[in-house]
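Engineer: Listed below, chain by chain, are the residues.
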Amino acid sequence: MAFLHDMRFRAYFYQIVAIGFVALIGWTMFSTASGNLAKQNIATGFDFLTRPAGFVITESAIAFEQTDTVGRAILVGIANTVKVSLLAAIFGTVLGLGVGIARLSHNPLLARLALVYVELLRNVPLLLYLFLWYSLIILILPPVKQALHLLPGVYLSNSGLVVPAALVESGGLALLACLLGGAVAALVIRIISTRRRVTTGQSNHGGLIALAVLVLPALLLWLANGVAVSWDFPTAGKFRLTGGLHVRPEFVALLFGLALSVSANVAEIVRAGIQAVNKGQWEASAALGLSRGKAMRLVVLPQALRIIIPPLTNTYLTVFKNSSLAIAIGYPDLVMVSNTVMNQTGQAIETIAIFMGVYLTLSIAISLLMNWYNAHVALRER
Amino acid sequence: MKQALLSIFAAALGLAAAGSASAATTLETVKARGKLVCGVSLATPGFAAPDDKGRMQGFDADICRSIAAAVFGDGDKVEFVPTNINTRFQALQSGEIDVLSRQTTHTFSRDASLGLDFGPTVFYDGQGLMVPKSLGVTSAKELTEAAICTLPGTTTAQNISDFFAAIKGKFELVVFESPDENRAAFFSGRCEAITSDRSDLASIRAVANNPDDYVVLPDTISKEPLAPAFRQNDSQWGDIVSWSVWMLMAAEEKGITQANVDEKLKSEDPDVQRMLGATEELGKMLGLDNKWGYNIVKSVGNYGEVFERNVGQGTKLGMTRGPNALWNAGGLIYSPPIR
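Listed in order, the protein sequences are those of chains A and B. Quick note: the first sequence uses numbering that gives the first Met the number 0, first residue 0, plus one each step. Quick note: the second sequence uses numbering that gives the first Met the number 0, first residue 0, plus one each step.
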């Protein structure tokens, strides 16, 4: 019976017992719930996913018709959620990086403004901001009949922004190939130039060359009329503008609200990260003759990044989960579509289980991705 | 640690046991509690909304009161629980409420798959569309390409989708979770039209800055018979809910009102005597007081009075009886004989 005294065996044993208990509790709850539902003659199961949805979703990142299945409707909701969260995370990070650096500026006006920005956004619930942005959009902008005509084909009203849509008729593949090839070449050039800078100590123009390689082929193709594009201009219909590309106010208000909330959090994380870098690094950079901007970009920020990544993961998870506030202002995200489904089928438990599962899966995916990136940039101590 | 695990396990077992222990009938539960718990809408003027004294007013609220009057002889022994449109059926299934009186449409799939039953239709409604008068639209068919605001609940989104699919028209659907945002978006011009049950549209119109600027289109694109719902497999309780509603209708047919119910007790009409419990013992058959009918009319009046008081011509909603008139006045309101 010596294994009973083995620390490692006991550690595993207790963990297995704990997991067993959790599983047992979960199973008991599940079987009780399904037993009670069956007793009350309430339909269960996931058959409803293959039934036709029967409702329309106006804003969808993937094609959706009324006759498509309930499952596809939920997929549209997932796509819409991912779309708005991803864009909000990108815009919010760029904006937040700027604001975070501005917080540490030697210019008192800029630093205070950044402080006010951060505190205003951090200390009021996001839901209220969403109501505010949405109300501002629909109350301040004119109805679609009196839409502001900003540029030829560009209209702004409380039904959103309408711009001409570009339809690529030919040469689309060539353009894509130019862009992709340019991107790969630019990446290679950048890696080579960085390596050369590190070995020789000479700064070179690798960044500029990479940019040129990225942009020039596509630009040349365009100038040589290699791409034929037809423009779909919006025209005034009976009630609203038809044709063109519509950016709806619900989407804008949600994107705006989420991106601003991300930027305020990112700004604080960036500020804390930069401040956590030893002051000696600044002094050493100054001693080497680096300007303050270069010292920030080349010395301090790369080190701050290691501190920034873990809390940044939290911010990205938060924005993803916060996107479910979309329901308040009419953007058809996962929760909104699920609610409509729930109402038509009455199968609340299954529908909620689906959307909780989706949030859980995607959140864990974000965490894994960020942890991988963190491990990639983390300081390797030898 | 071990004790904590044990207690969690015990809790899980308790949970399992709780599911099987619900033997008491709804009537017994309600009587033991001393009040009826009734699920109503979240602040919908005309159907269920608190007045300035905090008293719940409205058509649906009065249906609850009539059931309470039948059970307790006092229409005020009701606790009103405002229910969310998405969780209303769960509230009923779980036993949180005894009856759901919440502008709820009686449909096949709800009846068949949600473990509940519906009482008699208390309000014949239909989905309609409301537009600003300035839009110059006279029929819903002219609304192709328009943006239409609605709530995610009920079958509204599906009905409007079906309507436009049938006339092969495209439209933009904007769905709001909150009724306030839905109204605000419509009034600000984000949507050309708003769609809901006609009774609900009347309620939305009533809160506009200038109700006369808006018009409910004549098209009715769906049938929405609104009925109270109760849990399945308790026919005694189902009978009480149904006959309380029918009593309101029968009282109107017989001309019994809140004001004259005391005189009517002495009526020579054998039907009226039976209804008010002056003769025979009909109430006992339902497990109720013999004067259940008298108590209902004394508490809330008859069907016509309930209608006119809450949603009729004299109110902000200004609805006409239409299909909700008595059967002998060209409507659909018809009670089986109370004998």
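I should point out that these hints are in silico values taken from the structure, not numbers from a laboratory. A couple of the hints might just be wrong.
What the hints assert, rightly or not - In silico DSBU-like pairs for lysine-lysine, Cα to Cα no more than 30 angstroms straight-line:
id, chain 1, residue 1, chain 2, residue 2
1, A, Lys144, B, Lys169
2, A, Lys237, B, Lys169
3, A, Lys237, B, Lys30
What the hints assert, rightly or not - Partial chain B-side listing against chain A, Cβ under 8 angstroms, derived:
id, residue
4, Asn85
5, Asp110
6, Ala145
7, Phe175
8, Leu325
9, Asn327
Beta carbons: idealized from backbone N, C-alpha and C, even for Gly.
Engineer: Does each hint hold? Answer for all of them.
Structural biologist: Outcome of the hint check:
For the given pair, Lys144/A sits about 19 angstroms from Lys169/B by alpha-carbon distance, which is consistent with the 30 angstroms threshold. A threshold of 30 angstroms between alpha carbons decides the hint, and for Lys237/A with Lys169/B the separation of about 12 angstroms falls inside it, so the pair holds. Taking the CA atoms of Lys237/A and Lys30/B, the gap is about 59 angstroms. The hint is violated against a cut of 30 angstroms. Using the Cβ-Cβ criterion of 8 angstroms, the hint placing Asn85/B at the interface with chain A is satisfied: the shortest such distance is roughly 6 angstroms.
Look at Asp110/B: its Cβ only gets to about 10 angstroms from chain A, farther than 8 angstroms, so that hint breaks. Interface restraint check: Ala145/B against chain A, minimum CB-CB distance 4 angstroms, threshold 8 angstroms, status holds. A distance limit of 8 angstroms between C-beta atoms decides the matter here; for Phe175/B the minimum to chain A is near 5 angstroms, and the interface restraint holds. Hint status for Leu325/B relative to chain A: violated, with the closest Cβ pair at about 33 angstroms, above 8 angstroms.
Interface restraint check for Asn327/B: the shortest CB-CB distance to chain A comes to about 37 angstroms, outside 8 angstroms, so the restraint is violated.
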